[in-house]
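Chemist: Protein chains in written order, with my numbering: chain Z, 1 to 289; chain D, 1 to 303.
Honestly, I wouldn't trust all of these hints.
[What the hints assert, rightly or not] Under the rule of at most 20 Å between Cα atoms (straight-line distance), these lysine to any residue pairs were calculated in the SDA-like manner:
id, chain 1, residue 1, chain 2, residue 2
1, Z, K132, D, G51
2, D, K139, D, K110
3, Z, K165, Z, A104
4, D, K110, Z, L17
5, D, K110, Z, F278
[Claimed, not checked] Covered stretches of chain D (chain Z as the covering partner; in silico rule of three or more C-beta atoms under 8 Å from a C-beta of chain Z):
id, stretch
6, 25-32
7, 87-95
8, 133-144
Rather than coming from a laboratory, the hints here were simulated on the basis of the structure. Model, not experiment: these values are computed from the prediction. Note that beta-carbon positions come from the ideal geometry of N, C-alpha and C, so glycine has one too.
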Amino acid sequence: MYRNTIAYRWFTLFNTLLLAVIALLCILPLVHVAAVSFSSSTAAMANQVFFWPVGFTAEAYSRTLANPLFLHSLLISTERTLAGTLLSMALTVSAAYALSRSFAGRGFYSWFFVFTMLFNGGLIPSYLVVTKLELTNTLWALILPSAVNVFNTILMMQFFRAIPKELEEAAYMDGAGYMRSLFAIYLPLSLPSLATLSLFAMVWHWNSWFDGLIYITDYRQYPLATFLQTIIQSGDMRNTNINPAQLQILSERTVRSTQILIGALPILLVYPFLQRYFVHGLTMGAVKE
Amino acid sequence: MIEWKKSRMMVSRELPLHLLILPSVICLLVFNYTPMVGLVMAFQDFKPRLGFLHSPWVGFKHIHYMFTYPDSIQVIWNTFLIASLKIAANTVVPIVFALLLNEVRMLVFKRFVQTLVYLPHFLSWVILGGILTDILGNKGIVNHLLSGLGVEPIFFLGDGTWFRITVVISDVWKEFGFSTIIYLAALTGVNMSLYEAAEMDGAGRLKQTFHITLPALVPVILVVGTLALGNILNGGFDQIFNLYNPLVYREGDIIDTFVYRVGLMSGSFSFATAVGLFKSAVSFILIVVAYRLSYRFGNYRIF
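Here chain D stands alone, though its shape is the one from the complex:
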């Protein structure tokens, strides 16, 4: 009896916690979980008029179509290629940059560099897209400078191969500074006496970097690297959408932009959802694997 009374008291005491979390739960339920249920339309011929409940079921028709239709195969390949290049570049460049920045002794200069390189991260791709289309265009400042060097104008945003290169480089340009933060934080944790000991043994700076600094970064690199796996089908919608044009659809179109055009512009809701489902499913599996791996390697947990 007393036990029962006590537990009822606990429940009423804990009630405010449930009430506090309720609004967020409702929001997630409506705007995150309902769309997950809505994914069933990938297996229907969805008509907005009929809704999820009454649209005819067609099984794997759209999934099958996705893997046979040349455009969608090309789009999946583009996404994979662009995303992998980005992951590779966005892993290597920040590490090298952090190592170079770590050698700077002038604190004022270090702060100055950090302030400038972190900035592009906070500007949206709409702004950066506007800037890039301006400077990389036919008459832009970059081609202007190149022609001064006697180089023929390059169609950075109008030629498929150049478009891919531009996308990867401009993504690195935007994010490398911000990505160095985590490495710089790890570098401050390196035990200084290791360097002193190495110096006693006559190791030069290069040797110290390879035998002390880099190994100290390995756990962080592993965690960041494995978590990046979840992005293998993330080509960067904001960026591509603000840079591409019909000239480079073949080489530059990615899953997300394709889903937008096919689904919202042309109204093929079900097919677009099927392509989107493919991305969500693959990403889900990879994220789960990545979290398990990074928990094992780096003891990283989100909760």
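With the rest of the complex left out, here is chain Z:
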């Protein structure tokens, strides 16, 4: 048995240590920012904070949460996350169900969807389309252009396909059409997959910042991710139209750390649920046959 050799025991010890260090390296930067956010402003400025707050105070939190700009962007983000997820799930389910049936035109539709994964018009033409449609400064600009997620549609389609055809055939015999069988058979059977994909859509929407930056011209209407982006990039003043005095407060180290942490908080909260599902979801679409 190799496991009892001295060399392998040394390897196990070394390996365990190495993996532990790597794992900690993945989380320590976040811990550091959390520690800074709970530290006193002076301690943070003097670089005394490592992985535990120095001069513990929640002042940065009360200041952040008292800032109407921050709160409003939080609201916008929540709105877009809910509306965007709802819209994109509705589109995903209906398109995926259609694509999972065999009917005249399916081949064409498949290519129509897949081609968008292979080629795209790029930033400038896409930007012009959204501006020409006068979607700028509306919630639509944040949820419509990305409403169809082809990858999720394919995942959902594969899931629908795995449901035994006999169920639908039986329903057909009883006079149910496609619509009926989608709502009465397929949807109830795929609630776990729906939950998973919705969770991923929500994370995606919460994290999206670039569309806010280019399609929303009024900084008071920024979603949180875009708001944070502007604060963090505040060294680059060309990018921002928030007035300098306000920027001074917002970009103070403890306050900035607080904002970063609050921005990451929803993701950290849903992470345990995400982790339960993504391993399955990721390998489901990959290697088969």
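Given chain Z, work out where chain D should sit, using these hints.
Modeler: Just chain D now, kept in the frame of chain Z:
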């Protein structure tokens, strides 16, 4: 007559399927296909006032300019360099990590490591960019620790070469954990009796790894590797945009950030579109080649 009636019945029965897919088709048509048509502006001197239809045609002027203008050549090179380094590092590190993790017998410890290393994948580059600018800055914790070791402060985000290194390493840091999932999944499929047989023949763990475990991973590695080809001009817009600054434009600017600044900030729509078209076209060719190759090697299909 009966045939005809039957086919008409099929059509009306299938109508709901067309209706179900219609909203998605419209969305894709408007937000994905219209911009593709809009790429014609790369061959025009586009004026927003005149639109696609009335802007004057200039042929390959912008494409030609792209290949002669030093800035855009530099940007294409930066993109290629950063993206290739990322592809290489993001292929090797996850494989090694998966092999090391595969040796862990303590399930609790394994779960613990997995939970922590998957996490950065889900945080956006805005968050991570904020964290990295804080810890890598002049007065950040990393330079603070380095100075404790007697090392001069390093301008991770202010020096071109260091910027490239930082970008590649931080990308690996964010993604390596998540990328191991597919390898770990492949490893669970390895037939245990192979190891037992190897043991009978007196093969040590290292030999087993090289002769059983790694060969079992080869199909997955080939598929992942070829699919990564499509990213050869993908420097990672979100990441670069949230980390760079004018000091490192020369070494750190990539096609996507360049297109954003030249197009949306300075308003040179046509030139920016030409550069974007170059990226889309090259990526398209590589993706198609990659899919064909990976279908041949690994029997991988998306549909």
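Chemist: Give me the numbers of the hints this structure contradicts, sorted from smallest to largest.
Modeler: The structure breaks hints 2, 7; every other hint is satisfied.
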